[in-house]
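Asks: Top line first, the protein sequences correspond to chains A and V. If you use the numbering used here, the first sequence closes out at 507, no skipped numbers anywhere. If you use the numbering used here, the second sequence closes out at 219, no skipped numbers anywhere.
Everything labelled a hint here was simulated from the structure, so no lab data went into it. There's no promise every hint is true.
[Stated by the list, open to error] Partial list, derived from the structure: chain V residues whose beta carbon lies under 10 Å from chain A:
(1) Ser-84
(2) Val-86
(3) Ser-88
(4) Gln-134
(5) Glu-135
(6) Ala-148
(7) Thr-151
C-beta: ideal position from N, C-alpha, C; glycine also.
What follows is each chain in one-letter form.
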Amino acid sequence: MALLPNPISQPLELQNYIDGFWEPSAGQMRDVVNPATLETVGRVPLSTPAEFDQAVQAAKTAFYEWRRTPPLARARCLLRLRDLMEQNFEELSRIQTVEHGKTIDESRGETRRGIEMVEVAAGIPSLMMGSNLEDIASGIDEFLIRQPLGVFGIIGPYNFPFMVPLWFAPFAVATGNTIVVKPSSEDPISQVKIVELAEEAGFPDGVWNIVHGGRDVVGAMLDHPDIQGVCFVGSTPVAKEVIYPRCGATGKRVIAQGGAKNFALVMPDADLPRTVAACMNSFFGNAGQRCLANANLVVVGEGLTPSEHAALYDEIASLFVQAARNITIGNGLDEAVQMGPLRDPGKKQGVAQRIADAVAEGAELLLDGRVYETPVGCQPDAFLGPTVLGRVTPDMAVAQEEVFGPVAALMSAASLDEAIAMIHANPFGNAASIFTSSGAWARKFRYDVECGNIGVNIGIAAPMAFFPFSGMKDSFFGDLHGQGEDVIRFFTESKVVVERWF
Amino acid sequence: MTDASLTASAVMSHLAAQEQAAEQFYRGLAARFAPQQAVWSRCAQACAKNQVQVARSYQETISDALEVGYTFAGLTLDATPVPCADALADLAAAVEQALALEERAASAYEQVAECAEGLLATIPRTLRRAAEIRRRNAALIAAL
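Assemble the whole structure, with the sequences as input and the hints as a guide.
Replies: Spelled out as structure tokens, the structure:
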């Protein structure tokens, strides 16, 4: 099919957005490259700590008036932003495809999810409401009031450049805080577009700021005394060893979401065609660059003889490979394409190395994504086809470590208990799925598994905006999660008033 | 359009394009055959409404979690071009072409709805409703 029109006709020179104005940075510029074509679509500055401080000072000043703005008036800004996002739905989606490489369907899904965050945050007059109780002692009443804290920092990842910062930003400003967003320097254009729309929606100057950059900006954010809290989504090493401890050391609130290694269990009574269809999206959607992507598929032989279990494994492996082989890779602006490239050639090389290592460890290479025809009109450097590894055992690195690419590891467990033990032996705890027709097995799984997001006959257990995006173990560092009621509590202080009148 | 792995967005784009062409066709017929203008205009309105409803329900249910990458394996979409109103000889030819168009459109919606059972229920429901609307068009046209 023909490519959809590219919304970026020439490379964009990105600037910071500070106190309601677009400001050039003194920092070095870095190219933003479309991984499908290797064309430069923008240039982003690596801003300086001084520029970050300038944004924080603007946000701090704006906070005074913004927190005094009635919640309903703040909600109206969000509702206007929501309308503008709807009007620009297609452009926002195509930008994500161009700057990240994902398919247009994936981008539209991401846009929709982002808009849902804004819609839910617009309910702030109800969400932020406190509580009270009369006569906690005779003639004495007590109130709980939720108050905003000040300036928050938001650090976005490259895999969902549009949606992830919106897990936090609309809720932060809805509760009366002000923000400085640092988008991923690999694909920052979506966030620039969001701020352009936020400006049009009428957010006052200084409420919603953007400072582009890399480690220097992150460091400045973590150490800045006027930043009240940090929301981060990225890798586990950074979440665990940098973001979480440094926020602790400087007394900041923190949501630090890290990596994942998610398991999908297929029980003997699962609806196999629908399970395999759901797995294609789960394992290979967004080219596997998703913290909710399943990576290990475990065929569970509960109640089966060893030979029946082996036959079930073979059947599932055959269906899985057949479906994966049919996935079309190419430029995401082609609506017929089902999987785009990885974010950049370096990431592709890293994933390819993991495949080679897994084979060296004894995994069976059922489908080799390193072998493919270069899609028409594309550069091959960042592409990788779906890869399926069979006979993977829990001790192999590919079963334990996050690959963050389109690689599926097929495994076996004799019982549900053994499969759950595999999940628990893994350091991550982001998500896990079970495919079954048995309510009892599903309940046991839901009850026992130590993961934050559980899917029952769902490949990707992505919580909606009104539920927290959970996570456990090495997948999450902090106390309260993004989205839902958790994030409202994260962005507010609980003040209690005990009142008696003489 | 035939393909072993039509994506959801490709199918929805195709349906939207077909509705847009059908709407133009009926607007053309309304301009040409004034005595039957009410019927042709009503058909054009129905096509415009379908276009909005199908696009909206798709956009409002598509998400990174549930439906992205969904493919309609084995689906065949009819790519017969929508006729041009000006090229038709008389009212009888217009009715004949319009009935054939409505049959193709309704069948296409029903076929896609059947293939879309694995999607959120909103999608097949909207597609069936769109088919129903096109069959109502056909009934109006047949009564001319």
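Asks: Does each hint hold? Answer for all of them.
Replies: Hints and how they fare:
1. Ser-84: holds, 5 Å
2. Val-86: holds, 9 Å
3. Ser-88: holds, 6 Å
4. Gln-134: Hint on Gln-134(V): holds, closest Cβ of chain A at ~7 Å, below 10 Å.
5. Glu-135: holds, 7 Å
6. Ala-148: For Ala-148(V), the interface hint holds, since the closest Cβ of chain A sits about 8 Å away, which is under 10 Å.
7. Thr-151: violated, 15 Å
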